[in-house]
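A.B. asks: In the order they appear, the protein sequences are chains U and E. Take the first sequence: its position 50, counted from the start at 1, is 50 in the numbering used here, and no numbers get skipped. Take the second sequence: its position 285, counted from the start at 1, is 285 in the numbering used here, and no numbers get skipped.
Calculated directly from the structure, the hints in this document are not laboratory data. No false leads were mixed into what you were given.
A partial selection of chain U residues facing chain E, derived with a Cβ cut-off under 7 Å:
#1 L38
#2 V53
#3 A130
We put the CB at the ideal spot given by N, CA and C, even for glycine.
Number of protein chains: 2
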Amino acid sequence: MAHTVAELGEFGLIDAMVAGQPPTKGIEVGPGDDAAVLALGGGRTVATTDLLVETHHFRRDWSSAEDVGHKASAQNLADLVAMAARPVAVLVGLGLPADLPVDWVQELYRGLRAECDPLGVGVAGGDVVAAEQVTVAVTALGELLGDAPLRRGGARAGDVVAVYGRLGWAEAGLAVLRRGFRSPRVLVDAHRRPAVPYDAGDSALEHGATAMCDVSDGLLADAGHIATASGVAIDVHTDQLYVPDPMSEIASALGVDPVRWVLHGGEDHAMVATFPTPPAHPWRVVGTVASGSGVTVDGEAYEHTSGHTHFG
Amino acid sequence: MAHTVAELGEFGLIDAMVAGQPPTKGIEVGPGDDAAVLALGGGRTVATTDLLVETHHFRRDWSSAEDVGHKASAQNLADLVAMAARPVAVLVGLGLPADLPVDWVQELYRGLRAECDPLGVGVAGGDVVAAEQVTVAVTALGELLGDAPLRRGGARAGDVVAVYGRLGWAEAGLAVLRRGFRSPRVLVDAHRRPAVPYDAGDSALEHGATAMCDVSDGLLADAGHIATASGVAIDVHTDQLYVPDPMSEIASALGVDPVRWVLHGGEDHAMVATFPTPPAHPWRVVGTVASGSGVTVDGEAYEHTSGHTHFG
Chain U
1 MAHTVAELGE
11 FGLIDAMVAG
21 QPPTKGIEVG
31 PGDDAAVLAL
41 GGGRTVATTD
51 LLVETHHFRR
61 DWSSAEDVGH
71 KASAQNLADL
81 VAMAARPVAV
91 LVGLGLPADL
101 PVDWVQELYR
111 GLRAECDPLG
121 VGVAGGDVVA
131 AEQVTVAVTA
141 LGELLGDAPL
151 RRGGARAGDV
161 VAVYGRLGWA
171 EAGLAVLRRG
181 FRSPRVLVDA
191 HRRPAVPYDA
201 GDSALEHGAT
211 AMCDVSDGLL
221 ADAGHIATAS
231 GVAIDVHTDQ
241 LYVPDPMSEI
251 ASALGVDPVR
261 WVLHGGEDHA
271 MVATFPTPPA
281 HPWRVVGTVA
291 SGSGVTVDGE
301 AYEHTSGHTH
311 FG
Chain E
1 MAHTVAELGE
11 FGLIDAMVAG
21 QPPTKGIEVG
31 PGDDAAVLAL
41 GGGRTVATTD
51 LLVETHHFRR
61 DWSSAEDVGH
71 KASAQNLADL
81 VAMAARPVAV
91 LVGLGLPADL
101 PVDWVQELYR
111 GLRAECDPLG
121 VGVAGGDVVA
131 AEQVTVAVTA
141 LGELLGDAPL
151 RRGGARAGDV
161 VAVYGRLGWA
171 EAGLAVLRRG
181 FRSPRVLVDA
191 HRRPAVPYDA
201 GDSALEHGAT
211 AMCDVSDGLL
221 ADAGHIATAS
231 GVAIDVHTDQ
241 LYVPDPMSEI
251 ASALGVDPVR
261 WVLHGGEDHA
271 MVATFPTPPA
281 HPWRVVGTVA
291 SGSGVTVDGE
301 AYEHTSGHTH
311 FG
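Chain U extracted, bound-state conformation:
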């Protein structure tokens, strides 16, 4: 039996929050997908919230305030994209140490806004309070692109699994920073600011996607979320994964297998989706769906522990 939150873990804690909750009028999609879908005021709203906490999700010596602003927006907007929704607005809750320089906060805002502005997303509200650690709690709100959300539970045996966006880049960048290096710059920058494929919702709908999920916990973990929700088995094919040259080179220098970064790295916020027929570029087919359960790699169980854990 779990006695501390570290023992129960993130997903156990979220399950416990809503255990036994009766279906609520207005909540069409509740916890357990990338975002909630709510019937509100005669329409439908898609909503998600995420926290970034200093030392746990970023370090002020590794990431600029602007980087943190980009990342806080991006990870929430990505959750809306994963439901095939259009982001409209964000609410920003900030916990800030009293002695934090105002310049740092102004830069954070610049990053937040720079991620949101090109999408036409505005800051609709916020709260700023004192805290010992910099804490950024962003809620993103949007509307569905199509008639229905693209959920995790629609994958069918015979579908292909495809990815749009980067896998493992942020994880490789973090590994580089942890060893005390600052390059390859392209990977370090990927850790600092994810490059979310913001048109993935439209593109997934166009290609007839059956399920989609934001890769925030790692490809295997998030493909696992689709497999579980859909009641299917997913096999990932390592020969179809893309390992960019800088990643191969630094992996070799650090003596690690870059495919591990690609399979387990979260925080790039790529999209993983399933399709009845192979989708065109920019999607990259990386696996197949079959009847059964669980996720395998090249047809075999994968021995390493899977994905990011918040209380590790």
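Model the placement of chain E on the given structure of chain U, informed by the hints.
C.D. replies: Only chain E this time, still in chain U's reference frame:
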């Protein structure tokens, strides 16, 4: 010039977040009111977010986890009520120390749910991450009761100012706890769990309210928000304020003026509103609106600093 966040303060920090932001499609009411109003998916959504941080907003030795859950829900739901909106769902972001007992979290959930369930409000989603301080970031989402939100800017000269709910109880309870006492229990409990007047939105609309605001920063501060947004002057009449007996008694024992608690205490989440004609019970008329600007008490400037400051 402000160099730290403590020097700039909460409102300066929120203003800076949205300074120069162009009007955004979909945001009907942005920052500066109790909640945002968004045009989403063919309807309208009312949304607000607030953070509670350990040691700054609660102490684990003064409040139970259940109290913290009640308070985190209540303060957000109150912001929706203040717009004349019906709360529908909450999203809950939690930052938790890894060694926090799971029992504490379960109790927090019990408090959150106990505040929401009677209103038919459900938990639609959440995020749980590691943090050094317990941090509770609740976002509340709802829909308008009427055709338009009840904003801060509609008060007119000749209106009366009225309050629905408690004023100063939570502040008095906190003063008691700070002196090392645990009673009067009714005041200490008011600090731990606000008693939000959840039907105030309907009631304000029925009585033809012209403006409304949640009292979270103190009556004078929040009446000031209405005065500023409406371009009017507000005078508060101390002979119309209600000072309950336990508050008079403990104020006398502590050698303080209880009217200060009533004028400055936030966190009870009463509603302050303006009406063309005096509203019936449970509203209590406490002042008048005239042309001009600012807030006075019994016709005179009030010397004490006003309201709660997060970075004090």
